[in-house]
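From just these sequences and the hints, can you work out the full model?
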Amino acid sequence: MNSRTVRDFSVPTDIWPTVERWAKEEGFELLEGPGNKRIYRHGSGLIVLPTMLEISTEDGQVHLETWIKSNPINRLLSLFMTPNEIALETGGITFAAARSLARKSVNRLLVHLGQPLIA
4 MNSRTVRDFS VPTDIWPTVE RWAKEEGFEL LEGPGNKRIY RHGSGLIVLP TMLEISTEDG
64 QVHLETWIKS NPINRLLSLF MTPNEIALET GGITFAAARS LARKSVNRLL VHLGQPLIA
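One gets our numbering by counting positions in the sequence shown from 1 and adding 3 to each.
Quick caveat, the hints were computed from the structure, so don't treat them as lab data. Be aware that one or more of the hints could be misleading.
[To be verified] Distance condition first, Cα-Cα at most 35 Å in a straight line; then the derived DSBU-like pairs of lysine-lysine:
1) K40 x K107
2) K40 x K27
3) K72 x K107
4) K27 x K107
5) K40 x K72
6) K72 x K27
Structure (structure tokens):
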């Protein structure tokens, strides 16, 4: 399983107003940006594993990466068998509920950007 879900696509318009509106609605915090590359986080990692989203744009091309970030406590409890990063695609039981919630949230952004959903 890949550690991150990755999408590359092109858009004819400026994506940042759409991304900013989505982040506010979904409760994602901007960690890095603004600029042509931004990193967002949803959740602190204490109770709910954080969903991470990195998005960048250049000349109409968009690169998006999203993943669930594991924390040291979960890794310790799994005897370090849980990876640091987990992709959002379905499959496997590792953090299935967290991946499902994150996938639904990121899919709402993909709908706004006119892109296929993460399955």
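For each hint, the structure was consulted:
Restraint check for K40 and K107: the C-alpha separation of about 22 Å stays at or below 35 Å, so the hint holds. Of the pairs offered as hints, the one joining K40 and K27 holds, with about 17 Å between alpha carbons and a cut-off of 35 Å not exceeded. Restraint check: the Cα-Cα separation between K72 and K107 comes to about 16 Å, which is no more than 35 Å; the hinted pair holds. Of the pairs offered as hints, the one joining K27 and K107 holds, with about 15 Å between alpha carbons and a cut-off of 35 Å not exceeded.
Among the hinted pairs, K40 with K72 is consistent with the structure: their alpha-carbon atoms are about 19 Å apart, no more than 35 Å. At most 35 Å may separate the alpha-carbon atoms for a hinted pair to count; K72 and K27 meet this at roughly 20 Å.
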